[in-house]
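**Student:** Here the protein sequences come in this chain order: W and H.
Under my numbering, the first sequence is numbered contiguously, ending at residue 125.
Under my numbering, the second sequence is numbered contiguously, ending at residue 104.
Worth flagging that the hints you see were computed from the coordinates, not collected in a lab.
Honestly, I wouldn't trust all of these hints.
As the list claims (entries may be wrong) - Only some residues are given here: those of chain W computed to face chain H with a beta carbon under 10 Å:
hint: 1; residue: Ser17
hint: 2; residue: Cys21
hint: 3; residue: Tyr44
hint: 4; residue: Gln50
hint: 5; residue: Tyr66
hint: 6; residue: Ser97
hint: 7; residue: Phe99
hint: 8; residue: Gln121
As the list claims (entries may be wrong) - Straight-line C-alpha distance at most 25 Å; calculated DMTMM-like pairs for lysine to aspartate or glutamate:
hint: 9; chain 1: H; residue 1: Lys(-6); chain 2: W; residue 2: Glu67
hint: 10; chain 1: H; residue 1: Lys91; chain 2: W; residue 2: Glu30
hint: 11; chain 1: W; residue 1: Lys49; chain 2: W; residue 2: Glu67
hint: 12; chain 1: H; residue 1: Lys46; chain 2: W; residue 2: Glu67
Because the structure is a prediction, the values reported are computed rather than measured.
By construction, the Cβ of each residue, glycine as well, lies at the ideal position given by its N, Cα and C atoms.
Each chain, letter by letter, is given below.
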Amino acid sequence: GAVVSQHPSWVICKSGTSVKIECRSLDFQATTMFWYRQFPKQSLMLMATSNEGSKATYEQGVEKDKFLINHASLTLSTLTVTSAHPEDSSFYICSASAGGGPVEKLFFGSGTQLSVL
Amino acid sequence: QQQVKQSPQSLIVQKGGISIINCAYENTAFDYFPWYQQFPGKGPALLIAIRPDVSEKKEGRFTISFNKSAKQFSLHIMDSQPGDSATYFCAASMSVNTGFQKLVFGTGTRLLVSP
């Protein structure tokens, strides 16, 4: 099946620094990628939808200036957490659609555990 | 209306038993209902999915039952195995005007299958 690679798998950073998370579709082109956030023992919450070549669409309550999303190519989307604070510590997961839309062909990365000290 | 309610929050089943997880939704615009399995520290993986024109779908030990009138659907895991111990999320999807389909996840069920 299709593979979505997410890097790094975990990162620890100091408060106030920025962290970049990469999401790559390895064997398919993804015009749309999604970014989720998951707190311990909780569900996945959609943060934003990333479209190649255009601005991301953010969900209500998600700060676009804090969570910068760039979808520069059909195989790469990045999420940058700017000026990270301890409350940003969470598990971040990306997903990519192999069919350009159908959720049946939606594949998830392995996630990135962010810990902000 | 965008929520998908999932129960139970946690479940312990003996090896060989049947695990049953239930979900309910309100928005009749949802047209696709997948179940995802997630192991600790990993992203979710699609397990099985159903569309509302079908009342049941079976794939191996996993079965989805769908009740459109009640707006409920459930996952049954037959002959549960310790390797099935994971967190299970139901989800619902609907098409949006940009063309892609947006997933709404349930709150998750932590399943533990005891040996």
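**Student:** All the hints need checking, so say for each whether the structure fits it.
**Tutor:** How the hints compare with the structure:
1. Checking Ser17 (chain W) against chain H by beta carbon gives a least distance of about 8 Å; that is within 10 Å, so the hint holds.
2. Interface restraint check for Cys21 (chain W): the shortest CB-CB distance to chain H comes to about 18 Å, outside 10 Å, so the restraint is violated.
3. The beta carbon of Tyr44 (chain W) is positioned within 10 Å of a beta carbon in chain H (closest approach about 8 Å), and the interface hint is therefore held.
4. Given hint, Gln50 (chain W) at the interface with chain H, holds; its Cβ is 7 Å from that chain's nearest Cβ, closer than 10 Å.
5. Hint status for Tyr66 (chain W) relative to chain H: violated, with the closest Cβ pair at about 13 Å, above 10 Å.
6. With a least beta-carbon distance of about 15 Å to chain H, the hint placing Ser97 (chain W) at the interface is violated under the 10 Å criterion.
7. Given hint, Phe99 (chain W) at the interface with chain H, holds; its Cβ is 8 Å from that chain's nearest Cβ, closer than 10 Å.
8. Residue-level restraint check for Gln121 (chain W) holds (minimum Cβ-Cβ distance to chain H is 7 Å; threshold 10 Å).
9. Of the supplied pair hints, the one linking Lys(-6) (chain H) and Glu67 (chain W) holds, its CA atoms being roughly 20 Å apart against a limit of 25 Å.
10. In summary, the hint linking Lys91 (chain H) to Glu30 (chain W) is supported, as the alpha carbons are separated by about 21 Å, within the 25 Å threshold.
11. Proposed proximity of Lys49 (chain W) and Glu67 (chain W) is supported: the alpha carbons are some 21 Å apart, at most 25 Å.
12. Between Lys46 (chain H) and Glu67 (chain W) the alpha-carbon distance is near 32 Å, which puts this suggested pair outside the 25 Å criterion.
Comparing the model with each earlier hint shows violations of hints 2, 5, 6, 12; every other hint is respected.
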